[in-house]
Amino acid sequence: MDDVLDEAVSAGGELVKPAQEADWGGYSGYFADPDGHLWEVAWNPYWEF
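All residue numbers for the sequence shown refer to my numbering, where the first residue is 1 and numbers rise by one.
Check each hint, because a few of them may be wrong.
Unchecked claim - Distance ranges between label pairs, derived from CB positions:
| # | residue 1 | residue 2 | range |
| --- | --- | --- | --- |
| 1 | L38 | S10 | 16 to 26 Å |
| 2 | G12 | Y46 | 28 to 38 Å |
| 3 | E48 | G12 | 30 to 40 Å |
| 4 | E14 | E48 | 25 to 35 Å |
| 5 | V4 | G36 | 17 to 27 Å |
| 6 | H37 | D6 | 13 to 23 Å |
Unchecked claim - With a cut-off of at most 20 Å between alpha-carbon atoms, the simulated EDC-like pairs for lysine to aspartate or glutamate come out as follows:
| # | residue 1 | residue 2 |
| --- | --- | --- |
| 7 | K17 | D6 |
| 8 | K17 | D33 |
| 9 | K17 | E7 |
| 10 | K17 | D2 |
| 11 | K17 | E40 |
| 12 | K17 | D3 |
| 13 | K17 | D35 |
Calculated from the structure, these hints are not laboratory results. Treat the numbers as computed from the prediction; the structure is a model and nothing was measured. Glycine included, every Cβ here is placed at the ideal spot set by N, Cα and C.
Build the full structure now, drawing on both the sequences and the hints.
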């Protein structure tokens, strides 16, 4: 998770909110791409694939 945000910043994105534990039991953070679009990177322990 943190690595994904680090990669986004290395590629020219801007960290908006560092990843942290979420109220719903997961882990998420936000970055903006070079065009200013906001992206959420999230991990949810309850999602099954």
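Holds or violated: K17 to D3, with C-alpha atoms at most 20 Å apart: Measuring from Cα to Cα gives roughly 14 Å; hence the hint holds.
Outcome of range test on Cβ distance (E48, G12; 30 to 40 Å): Holds, at about 34 Å.
Straight-line alpha-carbon gap K17 to D35, limit 20 Å: Since the Cα atoms of K17 and D35 sit roughly 17 Å apart, the hinted pair holds (cutoff 20 Å).
Range hint compliance [Cβ, V4 to G36, 17 to 27 Å]: Given about 19 Å between the Cβ atoms, the range holds.
Given pair status - E40, K17, alpha carbons within 20 Å: Holds - the C-alpha atoms of E40 and K17 are around 9 Å apart, at most 20 Å.
Proposed proximity, D6 with K17 (alpha carbon, max 20 Å): 12 Å, holds
Distance restraint evaluation - H37, D6, Cβ atoms, bounds 13 to 23 Å: 18 Å, holds
Range hint 25 to 35 Å (beta carbons of E14 and E48) holds or violated: This hint holds: roughly 33 Å between Cβ atoms.
Agreement of K17 and E7 with the hint, judged by alpha carbon distance not exceeding 20 Å: 14 Å, holds
L38 versus S10 beta-carbon gap, inside 16 to 26 Å or not: 18 Å, holds
Outcome of range test on Cβ distance (G12, Y46; 28 to 38 Å): Holds, at about 32 Å.
Pair hint outcome, K17 versus D2 [Cα-Cα no greater than 20 Å]: 11 Å, holds
Going through the hint list in order, the structure satisfies each hint without exception.
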